[in-house]
Structures are given as C-alpha cells and as structure tokens.
Amino acid sequence: MSIAITTQFICFTVLTLVVIIGALGVVLLESIVYSAFLLGGVFMSVAGLYLLLNASFVAAAQVLVYVGAVNVLIIFAIMLVNKKEDLKPIGDIKSRRIISTSICLTLLSLLIRVDLTNVWSLSSPQNSIGEESTIRIGEHLFSDYLLPFEVASVLLLMAMIGAIVLARRDVLSKDISTGLPVDQELIEKSSEPLLTNKN
Amino acid sequence: MNLESIPLQAFLIVSSALFCIGIWGLLNSRNAVRVLMSIELMLNAVNINLMAFSSYIDNNLIQGQVFAIFVITVAAAEAAVGLAILLSLYRNRVTVDMESFNLLKW
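The listed protein sequences correspond, in order, to chains Z and S.
Counting along the first sequence from 1, when you hit position 91 you're at 91 in the working numbering, and nothing is skipped either side.
Counting along the second sequence from 1, when you hit position 93 you're at 93 in the working numbering, and nothing is skipped either side.
No lab work stands behind these hints, which were simulated from the structure alone.
Below, simulated EDC-like cross-link-like pairs (lysine to aspartate or glutamate); rule was C-alpha separation at most 16 Å, straight line: (1) Z:Lys-83 <-> S:Asp-97; (2) Z:Lys-88 <-> S:Glu-99; (3) Z:Lys-84 <-> S:Asp-97; (4) Z:Lys-88 <-> S:Asp-97; (5) Z:Lys-83 <-> Z:Glu-30; (6) Z:Lys-84 <-> Z:Glu-30.
What follows is a set of in silico ranges between Cβ atoms, one per label pair, in the way DEER data are often shown: (7) Z:Gly-91 <-> S:Leu-104: 15 to 25 Å; (8) Z:Ser-56 <-> S:Asn-102: 45 to 55 Å; (9) S:Asn-102 <-> Z:Arg-113: 36 to 46 Å.
If you want a taste of the chain S side facing chain Z, the calculated C-beta under 7 Å gives, among others: (10) Ile-6; (11) Ile-21; (12) Gly-25; (13) Arg-30; (14) Ala-76.
Just so it is clear, CB atoms sit at the ideal spot from N, CA and C, and this is done for glycine as well.
Bound-form chain Z, shown alone (with noise of 0.2 Å):
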C-alpha cells in the first residue's frame, strides 16, 4: 500500500466509525427500509476497509455480491412482506433484553481481550505481494483450491433451484392426498386498479 500511514489512518477511523455506526443502526432502528438501506452502507464500507487491506479483488466481489445482488435481494423481500402489523407485546421482553445484552457484551470482551493479549506472528511487511494478488487468487482457485471452487458452483446451482422451488406459487389444481381443489386465491389484499374512471 503505497498510501501515506496518516492517510490511511483517517481512512481507517472514518470506514470503522461508518460500519460500527451503520450495523447499530441496521438492528436498532424502527423502519426496517433505512435498515437495509444502511446495510448497504456498511457493506461499501466493508469493502473500503478491504481495499486498505490491499485486497482489490474481493473489494470489488463485495461490493458486486453484497450491495448489487444480496441487498437488492433484502429490498425486494421487504418491498414484498412489508405490512404494517402491531406486534403482539411480550411479557418478559425486559428480562430477555438484559440476558441477551449481557451475552453480547461478555462475548465482546472475551473477544477483545484474545485480540489484544495474543501475540500474533506478524510476517515482514517486505514479502507483501501488494497489487499481484488479483493473479494469486486465481492461482489458487485453479490449482489447490479447485475442489471447493467447484463445489461451489454446485452449491449456487441448488441454492437458485431450491430458491425457486420455495418462493413460486402453488401451482397444483389438486391436493395430491385428498383430491380437493386447491385455494389458489392471491393472499394479498386485492388492490383497486390503478387509473380507474372517477366519472
């Protein structure tokens, strides 16, 4: 990385206080559409923080993957289940706050704490392969790492089939065991057409 150190440190503050900031805001606020579009956010920033990381290659994998195909992906299932309810209270919501609270906070000081006392075995910066590591990855993922690029392709090739076999329609006519007409009646509330004559 050929960045002054003092740039990258400001880099560094501005991207850490974006994703720390965004990620409270994606599980503490009340709308859940700013909740996805801070997602997003966080997301470009993770991606920011990769790039100081000297990882051009996976930068640009996230910010393709996780803003342009996973978000979008959250903003059509919001735009598509998003109905006003009133959620049903919950009698020890209280308790449940302070127990799951407690679990986070010790599990982050756990965290911490490994962070900073374990001595890690930092490589000299001098064997850094810097920009060649777009050409290292495809090293890797055509040589010793060929099995699970495979695999992979696999897996996305069931995840698309699963994925439609579990969002379309019901499309049978019958019910298989009892031989009775299917209610395929749209659950959603059915709307007035749009544009319709006042007059």
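Here the structure of chain Z is known, so what remains is to put chain S in place on it, guided by the hints.
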C-alpha cells in the same frame, strides 16, 4: 505514536464489534428480514477477520482472501434461500413476526 501501519488488532476489534452487534440483532429482532440482515453482518465480520489475517500473517500466500471469496459465495446462496423461505412462511402465516413462527414448538 510511531507506527508503520495500522495494527492488526484494530481490524480484529472492528470485526469483533460487528460480530457482537450481529448477534444482538439476531437475538432481539422481531422482524424476520432483520434477522437475515443480522446474519449478513456476522458473515461480514468473519470476512474482515479472514482478510486481516491474510494480509498481516500470510501476506505471501493470501489464502484468507480465497476463503473470503468462498464465504461471499455461500452468503449469497444463503440470502437467496433464506428470503425464499421467508416468502413461503409469509404466504402461510401472513406475518413476519418471529414470535409467531413456532411450528416446531412442542
């Protein structure tokens, strides 16, 4: 403070915080879509960890970056299948409240 570069611990602490925020959201969300978003946050935290280790400890053979790419692949498949399951559940229950999905409760 005279440092040559950002310390590895800084990246590790960021990813720990992101992971714990994800767990908190996973445990406390009532909306099923938000649960999926929390899972994505946790996967991103793991990816930051892998990338930091690959850059600081294994910066010649960058195997961590290859693993990060596989994690991104699996996360994309998981998001697609998870949202399809969510749509199917919504069609059956007409709600996204996590408290009403108790089909497997005895």
